[in-house]
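Respectively, the protein sequence lines represent chains A, B and C. Each residue of the first sequence is one higher than the one before, starting from 1 at the first, in the UniProt record's numbering. Each residue of the second sequence is one higher than the one before, starting from 1 at the first, in the UniProt record's numbering. Each residue of the third sequence is one higher than the one before, starting from 1 at the first, in the UniProt record's numbering.
By construction, these hints were calculated from the structure, which means they are not laboratory data. Hints are not guaranteed to be accurate.
Here are the computed lysine-lysine pairs in the BS3-like style, where the Cα-Cα straight-line distance is at most 30 Å [as the list claims (entries may be wrong)]:
# : chain 1 : residue 1 : chain 2 : residue 2
1 : C       : 244       : C       : 284
2 : A       : 128       : A       : 100
3 : A       : 100       : B       : 143
4 : A       : 128       : B       : 147
5 : A       : 100       : B       : 147
Here the structure is a predicted model, which is why all the values come from computation and not from measurement.
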Amino acid sequence: MTVLVGFLPTPQGEAAFDAAITEAQRRAEPLLLVNSPRGGAPISAEAADERTIADLTERARRAGVQLHLHTSAHTGELADHLLRTAEEVTASVIVIGLRKRSPVGKLFLGSTAQRILLDADRPVLAVKPHTGTPGATLS
Amino acid sequence: MNTGPAAGPEPAGGTAPTGGSAPAVGAVPVDDRPPPAGPAANLIAAAVVVVLGVTAITGSLAFGAGSPSQPGPGTWPLIIGVVLVVLGLALATQARQPGQAERFTRGSLLVVAAVSSMVAYVACIATIGFEIPTFLLAFVWLKFLGKESWRLSILTSLGIVVAFYALFVGALDVTIPHLF
Amino acid sequence: MSEVIDGFAVVLEPTNLLYCLVGVVIGMLIGVLPGLGPAATIAILLPLTFGLEPVTAIIMLAGIFYGAQYGGTITSVLLRLPGEASSVVTVFDGHALARQGRAGTALGIAAIGSFVGGTLAIVALTFVAPLVAEFALDFGPPEYTALALLGILLVSTISSGGRLRALTAAAIGLLLATVGRDDFTSAERFTLGNLSLADGLDFVPIAMGLFGLGEILYNLEERHRTVHAPATVANVWPSRTDLKQSGGAIGRGSVLGFFLGILPGGGAVLASLAAYALEKRRSKHPERFGNGAIEGVAAPETANNAAATSSFIPLLSLGIPANATMAVIFGALLIQGVTPGPQLITENPELFWGVVNSMYLGNILLLIMSIPLVGLFVRILRIRATVLAPITVLITLVGAYTVNNSVFDIGLVIAFGVLGYLMKKAGFDPGPMVLAFVLGSLLETSLRRSLLLFDGDPTGFVTRPISGVLLAVLIAVILLPAAQLLRRRTQAAPPATAAASLTGATQEPGPAPAAEAEAAATTPATTTTADRTIRREEPHP
């Protein structure tokens with residue numbers, strides 16, 4: 001059993017990571033960080049760079065949480081990939097960050113978070129960035 | 001001597017457990033080519049080459065092989081045919097070696113689908129103009145071959161048709177069958 | 001001399017200026033983007049050249065070719081992912097510099113080196129090409145036979161998939177060239193009674209299908225590749241120290257690149273490897289290489305641009321394409337009704353000098369644009385292949401139609417696309433096939449004329465001085481791999497330091513490019529599928 005966090009290099013992703021650390025401490029479980037950019041291009045804004053990964057690793061170490069990384073690219077929908085991974089590692093909870101969307105926006109834009117919330121067969125913890133964070137809303 | 005990234009975890013498909021021995025998940029090889037083909041595939045390729053060579057030889061003999069001092073239309077194809085047969089046999093002897101050939105994978109089905117879509121495109125274009133087949137082909141490639149989202153697929157396909165229309169019919173004034 | 005000046009007048013015509021810019025930008029783009037390479041792109045754009053003047057068309061196509069050499073550097077430095085085969089070596093020190101926060105320096109020195117190398121090569125070309133053309137005016141059929149054979153053989157040597165397969169592909173290309181009416185006797189060969197085949201197979205659909213569509217289909221099969229976070233480039237220009245340090249490397253790279261580019265089959269890839277090896281061997285601190293030695297970027301980038309330029313010499317002054325990209329440009333010239341050969345300079349001086357002089361302009365444009373555009377290219381790199389593929393395919397299909405306003409041509413392109421895909425799956429490089437197809441009728445005509453000349457006596461080839469020399473080179477090239485095999489068995493130690501260090505571990509894009517770098521540096525005969533992993537233009541360079 002492990003805590004799984006879907007990470008993006010965004011304020012939402014950071015918030016999710018913090019929440020996931022707390023969760024992993026609480027459950028005394030290891031933490032699996034999934035940062036899986038969409039494959040097919042050499043560069044993706046979803047991929048976290050080395051410095052970020054190193055920083056996250058350090059934070060996990062200081063919190064006493066055992067961290068595993070899964071950074072390979074995926075094809076298709078990220079939500080499917082996360083859910084499949086959760087199944088493979090028998091995650092006890094999936095932690096994700098939420099983006100602000102207007103109600104109209106939710107109609108047209110596929111929401112990974114929405115898919116996960118609706119399709120997951122295990123608990124999902126969805127967090128928003130801390131208030132006071134100069135929250136950048138992603139396009 | 002270059003030894004790769006100096007510090008930090010490999011940002012590419014590896015896993016970096018920080019302490020503990022829990023198994024890493026999802027370590028995918030960095031560049032994952034399809035597996036090499038077995039000797040059967042190499043033999044088939046070699047056989048095709050030999051057959052081509054034999055065809056060339058028989059064909060050239062029919063035209064008249066000529067002679068070194070009086071080269072005829074068949075002389076050159078005869079030479080090529082012989083060379084092909086020799087090369088084909090050489091390839092056959094090498095068939096066991098792990099060559100550069102690749103095995104067909106499930107991804108190869110994508111290629112089949114792609115070619116079918118292109119054939120369908122050719123079939124329609126003369127009758128209904130290029131706009132609709134272009135939209136459909138782009139949409140199929142984006143949505144089904146590329147697994148992109150609905151929004152992206154539809155919008156991009158529309159964009160392509162518009163751009164092509166502006167470019168080919170508008171700017172370049174090419175005589176391509178168009179509906180609008 | 002006045003023709004050279006007139007050439008500049010041609011270049012400065014607005015249309016030609018525009019298409020030079022277009023070519024160079026497209027070249028940089030495809031050099032940056034994984035997937036298509038210059039040969040494939042030029043093939044796909046062939047229909048576009050129909051409506052253009054010959055000069056304009058070739059100016060654009062040439063721009064695509066040498067522009068791609070620069071584009072490939074960007075991903076090499078920033079992502080450790082070579083955009084072109086000729087940028088593989090740049091990865092070692094270029095990416096190391098990027099990790100040290102000096103990506104801008106690396107890119108800057110690469111741009112400067114490319115500019116210097118390209119410009120020096122053009123100057124040299126200006127003098128060498130007319131000399132070669134004049135010398136070649138004395139060439140008779142035997143010389144052309146030997147030259148064409150040599151070209152095909154040398155290209156096969158450098159091909160991916162190994163010599164045997166490359167030669168097979170070339171032989172098939174030669175066979176395809178025989179389809180149609182025989183020039184000498186008007187007998188119909190392999191036409192199967194089909195009227196449209198009586199005129200022979202059309203080059204354009206073959207090139208578009210084998211290179212363009214074949215490459216796209218091949219790329220459809222999933223290959224897991226690393227995805228990187230967006231890279232930012234702090235624009236730090238090379239310092240004066242950097243420039244001084246690289247000066248020698250740039251100079252040597254230019255010369256080396258120029259000479260290696262002239263060789264058929266040689267070209268940009270070989271030049272970049274050789275230049276790197278040379279610098280490393282010359283260096284008093286060879287251990288710096290691989291860790292951010294500025295010469296390690298300057299040398300290969302200078303050499304590959306110089307070689308890309310000089311590889312035009314065999315095409316423009318002899319009429320023999322030196323590599324597969326040149327073969328496609330050869331085809332483009334034929335389409336325009338221009339027959340490349342030694343007489344090109346004298347009969348079409350505006351074309352020759354227009355193209356040559358446009359390269360000065362192109363290099364200047366590249367130098368100016370390359371650094372500011374890096375940020376843009378990094379953003380373009382986010383576009384997924386799944387989006388680029390349908391766009392490229394549709395351009396190809398629609399373009400195929402416009403050649404003859406015939407739907408049949410689209411079908412032909414698709415058929416050859418499938419063939420190209422199958423060939424690549426089976427490990428055969430389509431490059432030698434296209435090259436051989438383009439040279440096929442020249443080779444056959446020369447051979448038959450030679451045999452008539454010698455009255456059937458093949459020793460005539462040897463007794464004529466020039467063809468004798470060429471044949472000697474031919475035999476040397478054939479025997480070279482056997483000799484090296486023997487040498488390696490008897491030698492205990494691995495070959496020179498350069499090759500050994502080139503096998504330095506690169507975890508991505510995988511050992512293949514490094515291995516190919518080593519292989520090509522020591523044994524031109526052995527090849528690995530570097531072009532698989534980097535999937536640039538399949539024929540090198």
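Hint check:
As the CA atoms of residue 244 of chain C and residue 284 of chain C are separated by approximately 16 Å, the hinted pair is consistent with the 30 Å bound. At roughly 8 Å between alpha-carbon atoms, residue 128 of chain A and residue 100 of chain A fall within 30 Å of each other, so this suggested pair holds. Using a Cα cut-off of 30 Å, the hinted pair residue 100 of chain A and residue 143 of chain B holds, with the two alpha carbons roughly 26 Å apart. Distance check on the hinted pair: residue 128 of chain A and residue 147 of chain B sit about 29 Å apart at the alpha-carbon level, within 30 Å; holds.
Only pairs whose Cα atoms come within 30 Å are accepted, and residue 100 of chain A paired with residue 147 of chain B is accepted, the gap being roughly 25 Å.
Hint compliance for this structure: no hint is broken.
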